[in-house]
Amino acid sequence: MSYVKEKATITLTVNGETHELEVGPGPSQVAPWHTLAQTLRETLGLTGTKIGCDHGGCGSCTVLVDGKAILSCITLSVECDGKSVTTIEGLGSPPGRAPDPIQQAFIDHTAFQCGFCTPGIIMASKALLEKTPSPHESEVKDALSGHFCRCISHYHVVRAVMAAAKKGS
Amino acid sequence: MATKYRFIGKATPRKDALEIVQGKAQFIDDVKRPGMLCGKVLRSPYPHAGILKIDTTKAEALPGVRAVLTYKNVPDWKGGVPRHVKVLDNKVRFVGDGVALVAADTEEQANKALEQIEVVYEELPAVYDVEEAIQPDAPQLYEEFPRNLVPTNVKVFGPKTLSNVVMGDVDKGFKEADFIGEGTYAYENVANPLPLEPPGVIAEWQGPDQLTVWSATQSASWHRFIMVSKMGFPDIRAISTHCGGSFGSKNYSAQPLFYAAALSKVTGKPVKVMYTKEEQFGAFVLRLGSRFRGKVGIKKDGTVTAVSGEWFVDTGAFSDMAQAQVAVGCGEAQLMLRCANWDLQTKLVLTNRSASGVVRGFGGQELESAFHPILSIAMEQANLDPVEFFKKNYVKPGDGYYWREGNWWVCRGKDYSKAVVEGAKAFKWKDKWKGWLVPTAVDGSKRVGVGVGVHGNADVGEDDSEAYVRLNPDGTAVIHACVSESGMGQRSSLCKMAAEVLQIPLERVDMTPPDTLINPFDFGLVGSRGTYAVGSAVIAAAEDARRKILEVASSVLHAPPEELETTDGKVYVKTKPDSPVPWSRITGIMQTCTGFGRFTPDYSVPNFLILFVQVEVDIETGKVVLQHVVAATDAGQVIDPPSLEGQIYGSFGSAGTDTAIFEESVTDRKNGHLLNMNMIDYKWRTFSDLPEFRNVILETGIPSHRFKAVGVGEIATSPGPSAVLMAASNAVGKRLCEYPLTPEKILKALGKIKGA
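So the protein sequences, as listed, match chains A and B. Residue 12 is where the first sequence starts when you use the numbering used here, and the numbers rise one by one after that. Residue 1131 is where the second sequence starts when you use the numbering used here, and the numbers rise one by one after that.
Just so you know, these hints were derived from the structure itself, not from any lab.
In silico BS3-like pairs for lysine-lysine, Cα to Cα no more than 30 Å straight-line: (1) 1430/B x 1560/B; (2) 1813/B x 152/A; (3) 1562/B x 1864/B; (4) 1285/B x 1425/B; (5) 177/A x 1154/B; (6) 1813/B x 79/A; (7) 94/A x 1154/B.
Keep in mind it's a predicted model, so treat the numbers as computed, not measured.
Isolated chain A, as found in the complex (with noise of 0.2 Å):
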C-alpha cells in the first residue's frame, strides 16, 4: 500500500516553489503522459514555456531542470519528479520582476521579434552562460542551433549574449 501512495504524486520545485501534485488521469492531475511543458503551462498556469512543434524540433519549450537545458515538450512530468525546474518566469530578482541581465540585453538589443522563441532562447543562453560564462560567438551559436526562430532574430540574438557575457565576466 505505501509503495502505490508514494507513486501517487510526483514533487516539482519550479522557480523555487515546490508542488506536490497527484499522478493520475483527472483534470486537476499530472497524468503519466503528461509533458512536463503541458504540466508547466496548463496545471501550473506558467504559459511562458512555449510549445512550438510539440515535438523536440524547435527548442521553444526549453526550461532548466536542476540548471540543464532540457526540451519540456519531449519530457516526461513523472520524469521530473524531484526535480527542481526553472521556466523563463523563474528569471530575474525577484524573479519575473526585475529582469534577469540576459532578459535586460534581449531588451537592450531587440533580440526577437515575434518573441515566440525568445523564452526558450532566453532558458538556454541562460544555461549557457551559467557553465560557460565568457563564450566564444560560435559556442552560443553552438548552444542556440536547436532554436527555431522564423523572424530571422539570431544576429540581435548572438548580440545580446555576447553583450550579457561581457557584462557578467
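On the provided structure of chain A, position chain B as indicated by the hints.
For chain B alone, coordinates are given in the frame of chain A:
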C-alpha cells in the same frame, strides 16, 4: 542629411520588450475562456475522395464529447474566391482536408472521439501538376470550375482587378530585341512560411448574431471584415493576441475560425481550435506554386523590349487570396522591368494538395522566381552585368505601371540607383562578378559564385487606415488603431511617430489592444504598409489632436494657436517657453482631446530592395552554402533601426532565400501525402549556419510622408531565391534552374549522378 528627430531613427526598447523577455506576452494558446472546450479536426487520409458514409454515433457517446459535426450538420458558410470552400464538404480534396469536427472538455477526449468516427471513402484520382490539371480529362476538384481553372476575373480589388499585363505591341517589341530569353521554368516547391506559433482561434458567441474571436493574427480586422462576408451574418468582434510570427499566413485563419465558430455555435460554449505543427505543415498555408512559360526580349544595352508568356499559378485545393496575389504579382513584374510591350497571361489552377494562402512575397516572389531563369538567359546572351541591368530597368520616377486594382499609376517615388550602387560597393560586386557561368573563386571541389536579385512593391500605401489619438490631461497619449504585433515592432514604431508629433516622452504614449470593437478600421500589417499607410493615419491623428489642444489653449494662454507650441504635455507661447501650462489646465482634468487621422490608398510610391548573395558549391557533394549576403534599400527615413534590420535579416526565413537551397514541402505523388511535416524533416537554417549578412540602408527622404519614410519589410524574402540560382549557376559554370538546389539536383546537373 536627415532631419534630427527626438525619437525617430533612434533605437529604443520595444514597448512590449519586458513582457516578451519575461514570458508574459499572451499568445493565442495562452488564452483561456471560462468553460472553454477543445476543438479538433478529423482529416482526410486521401488526396481526393468522396465521403460515402460517415457515422459519428460512437464518438458522440464518449465522455466529455459535446459536439461532433460533419458536412451534414455544419453551418452553411463559404470561403474562397469566388465562394467555393465549405466548412466541411462531402468530398475531400487533399490529404489533411477537414472531414469532421469534435468539441470536447479536454484535448484527450477530443482526440479519442476523432478515432471513433467511422468514414467510408470512395477514392478518386488526384492531380498535382498545373498543366495536367487543366487537361479536359483531368480529375475535377469542383464542379463549378471546369478544367480546374479558378476564375481570375473576380473583383477582389474592384472591377478592373489585374489578372494579366497587356500593353504595347509584343510582336514589334520582339523584333526590336537583340536577344531573346525563352523557356519554361518553375518555382513550385510550395514552401511553408512556417511561423513558430501554430495558428489557433477561440470562438465564443454572445448571441445568434454576435461572435467574438480571439486569434494570433497579423491583421486583426481581417477576421471581422473578411469573415463577416463569408459567414453572412451581422457582426464579429475580432481580437488579436500577440502573434508568434505570421509572414502573411496568419493574416487570417479562415478554416480554424470556421471550425471554432461552428463548434461554439452548437455547444453554446467558447471553443479553441489550436492547430498542431503537423496541421500547420499540412493543412494551413503554403506558398503558391508558380510556373512561367514565355520569353523576354532585350537589346544589347539592356533595354527590355518585350515580355510575353503564360503564368500558371497553382493554388492547391482551393483559392482564397490567389487572385489578389496574381494581381500584385502582375504589378510587381512591371516595377522590376521597365518595358513598353507586355503580353503576360495568367491561369489559376487547382490541384490536390493543401491550399496556398497569403505568404510574404505575395505573388511577386513566385512570379519573379519562375521568370528569372528566362531573364538570366537573355542577360547571359547579351553578356550584361545583372546589377547594371537591374539598375537600369527598375521603375523610375515618371514611369507608369498598372497596379493590382487595374489603374495606371505614375511613379512619384525615387530613383533607387544609388541603393544599387551602394549595395554593390558593400558586396564588392565588381571584384566578385566574373561574368555569366564563371565562378568567382575555385578551391579544389569548392566553387564560389555570386548572384543578385531585386524586388519592389507599390503596396507601401495600400488600403485604408484610420486612427484616433487621444490626449489625456496627465500628459499622456493613447493611439486607437487596430494594429497587431506579429514581429515587426510596428506598434512601438507607431508610438514613436505619435511621440515625435506630440513631443512627449515615448513612455507616455500607449496604444489600445488590437480589437475591432474599440478601434477604427485598419487594413492591417500587410505588404510593407505599416510605416507609410498606418503611420500616416496615426501621424494625421496626432497632428489633429495637437491642433485641437492648441486651439483650446489659445483661450487659456490668450494667443493664437499658431503662436503656441506643446512639449512634454505642456503648452506655451513660442516666445515665452519659460511659462508652460500643462494639458490638465488646458482641458481640465475631466476632458480629453481626440484627433482623427485617415489614410487612403496611394500606389505611386514603390519600395525597393536589392539582394546580393555569395554561395559556395561543393561539386563533389553538391552542397550549397550561403556565405555572404548584402541587402541594400532606401527607406527614406529609418523609424527604428533594429526593427528594420530584423525585417531585412528575415530574407532567408519565412520561405524566402532558403527556398532556393533546401526549403520545400515534399509531396509523395503516389498518395498525396506530405513527407516532411515536422521540424526535423522540413529543413531550416540554424544559428550555426548563419551567413555573413550586411544591410545597406539609405535614407533619401520622400516628401509624401511626414518623416519621409517608406516601408520595406515585406519584400526582403523575394529577391533571394532567384539570386541564389544565379550565384550557384555561376559557381558551377552551368545553368541551374530548379528550386531548391539540393545536393541531388546539383550533382544531376553536373552529370555526376543519373536523373530519377
